[in-house]
Amino acid sequence: MSPAGREVTITIDGREVPAVEGEMLHDAARKGDVEIPYFCYEPKLGDPVGACRMCLVEIEGIPKLQTSCSTPVREGMVVHTRTEQVKEAQNSVVEFLLVNHPLDCPVCDKGGECPLQDISYGWGPGKSRVIDEKRHFEKPIELSPLVAIDRERCILCYRCVRFSQEVSEDAQLQLIERGDRTYVGTFDDRPYVAPFQGNITDICPVGALTNYTYRFRARPWDIEHAGSVCTICPSQCNVSFTVRDEKVKRVISRDNHEVDDGWLCDRGRYGFEMFDAPERVREPQLKGGAVSWEQALEAVAEGLRRAGGKVAAIAGDASNEEGFLLQRILRDALGSPHIDSRPSRGPKADVLRRLAEPNVSAKVRDIDEADAILVLGTDPLHSSPILDLRVRKAIRRNGAKLVVATERPTALDGGAEAIARYAPGQAAHFVGELASAIGGSDNVATPVAETLRDAGKVVVIWGERIAREDGAAEALLDVAAATNMSTTDGAGLLEIPDTTNARGLREAGCLPDAGPGLSDTTAGKSTEEIREALISGELTTLVLFGADPLRDFPDTPAWEEALTAADFVLTFSMHDNATTAKSDVVLPLETHAEKDGTVTHPDGRLQRVRPSASRPENVVPNILVLSELATKLGLDTGIDSQPTAFQALTNAVTLYNGIEDEQIGGRGLRWQDREGATSARTGTEQPGPGGPPEGGSPDTQRDAPISMVQPDPTPRGVASADPPSGGPSTAANGDLLLGTYRDLWAGPVTELNPPLKFLTPQQRVEISRTDAERLDLKSGDKVRVNGIEAEAHVKERVPAGVVFMAEGVSDGNANALLNGGPVQVKIEKLDEATA
Amino acid sequence: MAHRLEKRVLLEHAEDPDLRTLDGYRRLAGGYETLERAYKEMEQDEVLQELEDSGLRGRGGAGFSMGKKASFLPRGDMAKYLCCNADESEPGAFKDRELMQRNPHQLIEGIAIAALAADAGHAFIFIRGEYDEQADILDAAVAEAYEAGYLGTNILGCHRDLELVVHRGAGAYICGEETALLDALEGKRGNPRLKPPFPAVQGLYGGPTLINNVETLSNVPHIVRRGAEWFKGFGTEQSPGTKVVSVSGGVRKPGNYEVELGIPTRELIYDLAGGPEEGHEIKAFFPGGSSSPVLKAEEGLDLPYSFEAMAEAGSMLGSGSIIVCDDRVSIPHLALRTARFYHHESCGKCVPCREGTNWTVKMLERMVRGEATPMDLDIVSSVQQNIIGHCLCVLGDSMAMPVGAMVRKFREEFEEVMANPDLVLDPHAVVQGAPETLGAST
Amino acid sequence: MSPVDGAGRSNPNLPVDPAVNQGRIPGRAEEEIPELHEVDCPPELAERIETLMGRYPDRRSASIPALWAVQERYGWCTPEGIRQAAAVMRVTPAYLESVASFYDLLHTEPVGTHRIEVCTNISCWMRGGDRLLDAFKAAAEGDDANFFVTGFECLGACDIAPMASIDQRYYGPLEAAEAGVAIEQLRAGDEVLPEKALAKRGLAGDR
Ligand SMILES: Cc1cc2nc3c(=O)[nH]c(=O)nc-3n(C[C@H](O)[C@H](O)[C@H](O)COP(=O)(O)O)c2cc1C
Ligand code: SF4
Ligand code: FES
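Residue numbers (the numbering used here), protein chains in the order written: chain Y, -8 to 826; chain A, 336 to 777; chain F, 568 to 774.
Some clues are possibly wrong.
Cut-off 25 Å, straight-line C-alpha distance, at most; resulting in silico cross-link-like pairs (DSS-like, lysine-lysine) [unchecked claim]: (1) Y/K55 <-> A/K530; (2) Y/K35 <-> A/K631; (3) Y/K35 <-> A/K403; (4) F/K767 <-> A/K588; (5) Y/K78 <-> A/K523; (6) A/K697 <-> A/K744; (7) Y/K773 <-> Y/K817; (8) Y/K55 <-> A/K631; (9) Y/K125 <-> A/K697; (10) Y/K278 <-> Y/K301; (11) Y/K78 <-> Y/K118; (12) Y/K35 <-> Y/K22; (13) Y/K130 <-> Y/K22; (14) Y/K130 <-> A/K588; (15) A/K631 <-> A/K588; (16) Y/K301 <-> Y/K339; (17) Y/K78 <-> Y/K130; (18) Y/K78 <-> Y/K55; (19) Y/K118 <-> A/K697; (20) Y/K773 <-> Y/K748.
Computed footprint of chain Y on chain F, listed as stretches where at least three residues anywhere in the stretch have a Cβ under 8 Å from a Cβ of chain Y [as the list claims (entries may be wrong)]: (21) 602 to 610; (22) 651 to 661.
Calculated directly from the structure, the hints in this document are not laboratory data. Here a beta-carbon is modelled for each residue, glycine too, at the ideal position from N, C-alpha and C.
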């Protein structure tokens, strides 16, 4: 395709329409308000396939009708979309489509919002000449536990299959058979289980793919759509809730190119069913039972006053306004500097400020145009799923070069040009080496540095957890410098934090050493120091807002101890859990379908969470709870509503100064991009050269060489010298080094959610083939790992000497094994796998 | 001995089984001398020019100038490819089978020389999976050619490389369509691609790709050896050269006959293929495989057998395969057989072809069962019209054209069959030694 | 009866069969690309597929040849065989199944050892292809383990109509009565209809 961009004029139906050379005629027509019917065209799915033939138009000078979805615009093109010839073609395509379609609209979930219905009505011949038998399939059947497929309704537009091939690249959903026997299916009729499968129900233009969670729940005329932001993970995808009788019945994408590209992961799509779980905290609770709000707030105020300043707070899942109010209560009402919003250690405020510099920050859309992408210390599929799709797209469509540097094999390895595996605990060491290797030194990181050196626009997607290691964040800034990020437009760092609104909470002031806007402040204790202080008695009281340390924070035993030692624990929580069980007062949190507030995307985009569904009767807006609590503690915040809270936030946070609610609107606003942002970059995106996509597609595994990074011989390193494979090797006593990761599906979103329950992960220990052989293990064997029972899982790509286990699972949570340093584990075999 | 009407160039010496071996090919046909000369003495442009000048038209169906197509490939050092289309799956066509079976080295030499013209470093022969025997023969011949240094790296010390892979399909007519062939060769389902981009610009693995039929490529060594002028000495002005014509159906001597293009069709069918069985007459014939609109005997027998004459008569020469229907063949049943084939082979990617072939078959089935009315005949006709020109590739048209022509030209026969299906005692017309059981009244 | 007519069997959300709620091991979706050590691929097969992949600039081009190799080894493209090929090729089994099911000669259901394809397309039909097919079916009746008989579209041998492809070799023109002979010869392990083999025929013009 030619490097597009030139403005041209074309004529459609006798009208001149401006267009961009090279764009598809269909798009140009749409912009010129000419509607051309279509089924298969969907630019998000990659190149047009021209399969449905619905979009045929007449182009002067070409004898045959052409598909407007696949015809690039040229200057002076004269197009007709309403001639007799075109009408005949449209009539016949609709007639053909209905030859095999059951026309069971009255009982079809898609009825009323079905493109096939609309197009048949608008462009079809209006009557059918077909009297022959249609094709029959068993219907509907289970494509997966979440999605039903009715193959009789399918019009074989291939959208779903292309999604699986070209977007999620799981390649599980395929066309089986040929011709009119073709059907959409999976290998050996197994369920389609992949983290993004729900998207296929959004893009299917007929009622062939429907959600079990929505089947027969509502009809288009008795629902409303309410836009909000999903805050289940830091991706903060834009969603639209389908609401009926004030309850959420469905979640669909609200397509924000800047954030999610119009896709959702299944956690975000189906997670809403946990809103109504029996475990939901629906009213204030004191130890011993439900109480009125009056009693609860009295008890809380009393408990906090009694602490006499020996109080700390940790925020987790909270809006900016909630975080802002919480830190005000701590600092200004209770006189305590001890507040944090991170599950574990993190960089100091001065480093955070440098990381927040707009000129080293990347926005999500920069990934699309990046020349090289470094995924560092995170597996986006698990920690920010939507970015996994974004990186794949950059490789597939833009030919971006990917480098993966992680402890654990990632879902993106197959598309990587170079991969580095460092041992758990070696991130800081590795990143340091990487910075100097990019700068020209020859060291362990050289093989991967080569792809990044002089690469042009480099986007680094890095996991917050690498910064638990001292010096890692500083080294990351050295990488930024070595790749000239600050002077390269479209290059930058993009953090994937551990919690959903981490950036917003930090910027709102929920940090031990920085106040609102990352301002200087009296230093307080960080999360781990708070824990130790509770144990030692230096602190007596703890406020947890949307945080569940017993599940989510490292070192569960220490947290158990801390919570037990505390005199008074106040927990704001959406659900009952182990932490609420140990709390003195539990107050209900709103869900993201109920809450009103703003959150800040990891790239700095302020987004608005809007109330879409009704709250349970005794759940009240959390900002009101907090401001009332402040009043009770003698602090008048002047906040009595979301607008006043937002005003107070933007006044206090310099980065947000002057941002108006309307500017955020439905699409959000990056504070770095707003008008008058002092430190914001001014550069606009240059349209990239847009070279042709690489011939090979990234779902063909690339077999990137994996370089094993030698452990740092000094502190915290892995034992043993001269590892045979070049990787960390087994300690002399046969112990293995433990690496952990947060599994996508671990947590309440699967456990408390009937439709997703089947995805609830169980603990397993991923082990290399070498170690498995040595320990005589095979996949499926039951083992015990330092007291935790798990299933062994032999993985080719796991380096020898290391094992990986999941955090956040309900049984055998690996957080219980972590203690802030490297952890060696012993593996005992319990039972053979049953064949 | 070849018949006087035959002009054997591609099939010269083909009766000798030795021709299949490298030695035999060298001895009998001067094999690989042209390749040697081309590689050692000729530039890409010279070869290209010779091919263009010859006027050689593609023998795979579309009849496009081979030299011109090769000249469309962009220059530059990107990887370029050559694909030999040996998928031959169109009903009535079996000439490529004969050429590969009897003279595999001629094809290999042609490919190697064409690769020079296309500047391709990698060539593939995509052969239909059913032609297992022929694929084995090709495999052996390719191995011999590698051994002798005609393929591989640094061919004959000329610093040129060519890898040649025989790739077996697995049973799908659509893979003969050039872009579907590319998808199949890339390991995917054989679905046609949108054009443009044309394969010459963006084909296999996204690189410029020249795709030619077996017979087209088999002509190449002869043209380069003896020159474009020599080649143009055969055939007509617009259809130069000889053509291997497959004749089958209701004739006494079905088989492949190599003739100069432009010979009277009647001579091909009567003098070479022996004409109809004793006591029967020719009712109609497909002049260019099952995709070509049928011609009634009186319309077609006296036409010269050339691309232009067939096009003028509203049909086409296609792959050059004549299927003869004698007076026992029931045209409605023939239409159904034809439609069934395309229905079975439709890849299913685009709607008009997938559903149009399906619907047509269902309607024709009703007709021969006597469950249709003349209105259905109109619907069948209009459905064929609705398919033509609306599909992603021309497979749909390939059914719609012949079926449409049959309904148009033999309407009364359809009406008769619809009214009296029982009159057709055995719709499975048996030509050889079968009782007189055919067509209602024709 | 659930409101969703019996579907969603493994979905605990639906009052169908809550017992299926077994939980899942993180990251393991049934159809991901299997690892080699999970599939027990015979080394010869793995080696064969590796060699095939080596012949192409893009290893995925070897999917049809790899499926042929699987079919040769197991008689048809068994799910296990497909998984093995998928592990070697590093593509999903679903991808290979999709490819296999597109092509008529690759079987995704069990078939008999000897494969007989009888052409019933135009030229053969005119000369008795349907009868020949019936004759083969009758002769092989009841012996599905040994014989797979099917009608087939044009095999590219209209000159020997009516014809059949027996174990990938062409024979014709055949009388219906020869079907039984061929089946017996296959059973006995003898050469099949030697005088009707296409390989033995001369050029049409020379006959
Ligand atoms: C449905 C369909 C099937 C085709 N089958 C064949 C075939 O089997 N062999 C062939 O050479 N060309 C076939 N073609 C034509 C090819 O697309 C292409 O035009 C040809 O291979 C080019 O070679 P040529 O220029 O040498 O003729 C087919 C075309 C269509 C639309
Ligand atoms: S199931 Fe829906 S999206 Fe998939 S091919 Fe059929 S109609 Fe298209
Ligand atoms: S939208 Fe253009 S062919 Fe389907």
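The hints, checked one at a time:
no. : hint              : verdict
1   : Y/K55 <-> A/K530  : 12 Å, holds
2   : Y/K35 <-> A/K631  : 51 Å, violated
3   : Y/K35 <-> A/K403  : 37 Å, violated
4   : F/K767 <-> A/K588 : 17 Å, holds
5   : Y/K78 <-> A/K523  : 34 Å, violated
6   : A/K697 <-> A/K744 : 21 Å, holds
7   : Y/K773 <-> Y/K817 : 14 Å, holds
8   : Y/K55 <-> A/K631  : 28 Å, violated
9   : Y/K125 <-> A/K697 : 10 Å, holds
10  : Y/K278 <-> Y/K301 : 21 Å, holds
11  : Y/K78 <-> Y/K118  : 15 Å, holds
12  : Y/K35 <-> Y/K22   : 17 Å, holds
13  : Y/K130 <-> Y/K22  : 39 Å, violated
14  : Y/K130 <-> A/K588 : 53 Å, violated
15  : A/K631 <-> A/K588 : 21 Å, holds
16  : Y/K301 <-> Y/K339 : 22 Å, holds
17  : Y/K78 <-> Y/K130  : 33 Å, violated
18  : Y/K78 <-> Y/K55   : 14 Å, holds
19  : Y/K118 <-> A/K697 : 19 Å, holds
20  : Y/K773 <-> Y/K748 : 22 Å, holds
21  : 602 to 610        : holds (count 4)
22  : 651 to 661        : holds (count 5)
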